[in-house]
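A.B. asks: Chains as they are written, first to last, in this note's numbering: chain V, -15 to 251; chain X, 290 to 699.
In short, the hints are calculated from the structure, not lab data. Treat the hints with caution; some may be incorrect.
[Stated by the list, open to error] Examples of chain X residues lying across from chain V (beta carbon under 8 Å, computed):
1. 319
2. 376
3. 478
[Stated by the list, open to error] So the derived label-pair ranges between C-beta atoms look like this:
4. V:123 to X:588: 23 to 29 Å
5. X:338 to V:120: 38 to 44 Å
6. V:187 to X:338: 31 to 37 Å
7. X:588 to V:120: 20 to 26 Å
8. X:339 to V:141: 25 to 31 Å
Even glycine gets a Cβ: it sits at the ideal position worked out from N, Cα and C.
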Amino acid sequence: MSRIGVVFDKARTDGRAVLVGCMPAGFPTVEGSIAAMKAMVSAGVDVIELEIPYSDPVMDGPVIQRASDIALAGGVRTRDALRIVEEVAATGAPVVTMTYWNPIEQYGVDAFARDLAAAGGTGLVTPDLIPDEADEWLAASDAYELDRTFLVAPSSTDDRLAMTVAHCRGFVYATALMGVTGARREVSQSAPVLVSRVRAVTDLPVGVGLGVGTGAQAAAVAGYADGVIVGSALIRCLLDAPDQAAGLSALRAVSAELAEGVRNPTR
Amino acid sequence: MSADALAAPARFPDAAGHFGRFGGRFVPEALVAALDELAAAHRAAMADEQFQAEFAALLRDYAGTPSLLYEARRFSARAGARVLLKREDLNHTGAHKVRNVLGQALLTRRMGKKRVIAETGAGQHGVATATAAALFDLGCVVYMGQVDTERQALNVARMRMLGATVVPVTNGSRTLKDAMNEAMRDWVANVDDTHYLIGTAAGPHPFPALVRDFVRGIGDEARAQCLELTGALPDAVTACVGGGSNALGIFHAFTDDPQVRLYGFEAGGDGVATGRHAASITGGSAGVLHGTRTYVLQDADGQTQESHSISAGLDYPGVGPEHAWLHDTGRASYRPVTDAEAMAAFELLCRTEGIIPAIESAHALAGTLAVAGELAAELGRQPTIVVNLSGRGDKDVHTAGEYFGILDKE
Ligand SMILES: Cc1ncc(COP(=O)(O)O)c(C=O)c1O
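Build out the structure end to end from the sequences listed, making use of the hints.
C.D. replies: If you want it as structure tokens, here you go:
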């Protein structure tokens, strides 16, 4: 079983969901992002999803776009992201990377898989790579025993959902709603339906992302999903803060609230 | 597969939208159902006589096609070639773009969708989309980079007059590529009732094939017109290449005529060597952008680089995947044309023919001037060249006036 699988298994035994926290590599700086992710882990985030910034992130809303722009303007490179993986993985929390396909293709698919595995990363979430186009990644992730998380959506047909899930390893990412990343007042009604459709075809853990921002929302999602994936609400802590210390303390507070939420699933 | 099918390279994409190693779909899963629906609607429409008749009637009665093939004698004398201009500038809304937009508006209605969204750079595609939306009574939102809404204020006003909502995009480089990102984000959220009316032969499958099919009438007409006018096929067909729709539109009818050379002219900006250009094929490398694998201007990490061109319509860091494939197979040749070369050809057409071309189309004219001599030497006679004059220059009067320094100072 993959290292992420172990974390999901333990959470399941404990009757709670896993909290997955996302942060772009190099935002606001390389060192700043490492500090942010360490703070998240110490405040109760179980799994880090490290987003490798990309210039044209079509699945992302304004918060992640802004953070990615700042990271890229600061000159962050893919190889910096791999160094960040190594530093954050040293905390003991699994680190999964997430990025759009072009940066991986330009790094070299096999080289990326090799270097990610060497850095201690567990796998890759691919928001714009569907299994239909993923032959090279399927081979590389097999060769280096990395997890691969493809996305499923409310609009996925049953056939596509089964096909997509069959290509996943580690966990499945269910996009709760039709839209881009960003915290919302209400988490979509379509999420529980989507999760049960995934459960009908797999035993893999299912994480739900898009729209979660508060402890109450995290608790609600934990009531039906194995993982609660939060990005914009965490990133905003750093964007809105006057300085790094204030940002990290806001980040710790929101992480702790979300960690509390996933430990008290609404059933 | 038959021996014939193996011998002839497949011209159309495969079922998943691949042109050789290019094309395909690099999109969020959330969009796959809509792309499948669109691909099915496209296939059905192409086989539906009633759809084809309706499209043909709209092109004739509303857009004013077939556009003329005009022998530009004074320009020809300067070019050293017999130059025939395919006058897409005379179409309603002033460019080839109206063909694509009318086809996709008909598809939108066929799919029962009530709203269209579009990206635009110069505003030509936005104006064409707003026009079709008015005609078909569809809601219309056009995304346009904030830099472009300022550069092209007149077209913003035109779109609003036609009833469209224009949304200035303020993230990233605030130009066409960011407008396209924003349109994709809108589409993911509203895909049930919305069609993304993409403006060029790029993007995920089926867009490149679908847009090509709606604009290919340009070449079908030009081929017949050239045969009628000259009694023979042309020696070469030329077009400018931004995303690639007008070029594919005129190339397609000639791809099975091996004696007809196909030339695509990319925006060379200040010169490919300066790094300030929009020549994705000549100066870029293979990668993934906006849902398709193609040639892209990018850095070593795969981050998209900003493009530069005096022509807003060519100012895009990617290109449609079919061009990438035509380049790889060698069936078409792609070359850069600098801003300065394009503007010299712009002026030449104005002064010799009394036609003000779009600056995009001026790249095709400049490229034609450059290859005419080579062709004449190779053939040992004066070549005949069909040039796609993809649009008219009214929208560019301000840019060109500044370039030539002929605007009165206030
Ligand atoms: C007149 C004209 N020609 C050409 C283009 C470039 O697009 P494409 O390469 O898709 O023909 C544009 C785009 O705005 C245009 O307005």
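A.B. asks: Now look at each hint and say whether the structure bears it out.
C.D. replies: For each hint, the structure was consulted:
no.: 1; hint: 319; result: holds (4 Å)
no.: 2; hint: 376; result: violated (36 Å)
no.: 3; hint: 478; result: holds (4 Å)
no.: 4; hint: V:123 to X:588: 23 to 29 Å; result: holds (26 Å)
no.: 5; hint: X:338 to V:120: 38 to 44 Å; result: holds (42 Å)
no.: 6; hint: V:187 to X:338: 31 to 37 Å; result: violated (51 Å)
no.: 7; hint: X:588 to V:120: 20 to 26 Å; result: holds (21 Å)
no.: 8; hint: X:339 to V:141: 25 to 31 Å; result: holds (28 Å)
Taken one by one, the earlier hints fail for this structure at numbers 2 and 6, listed in ascending order.
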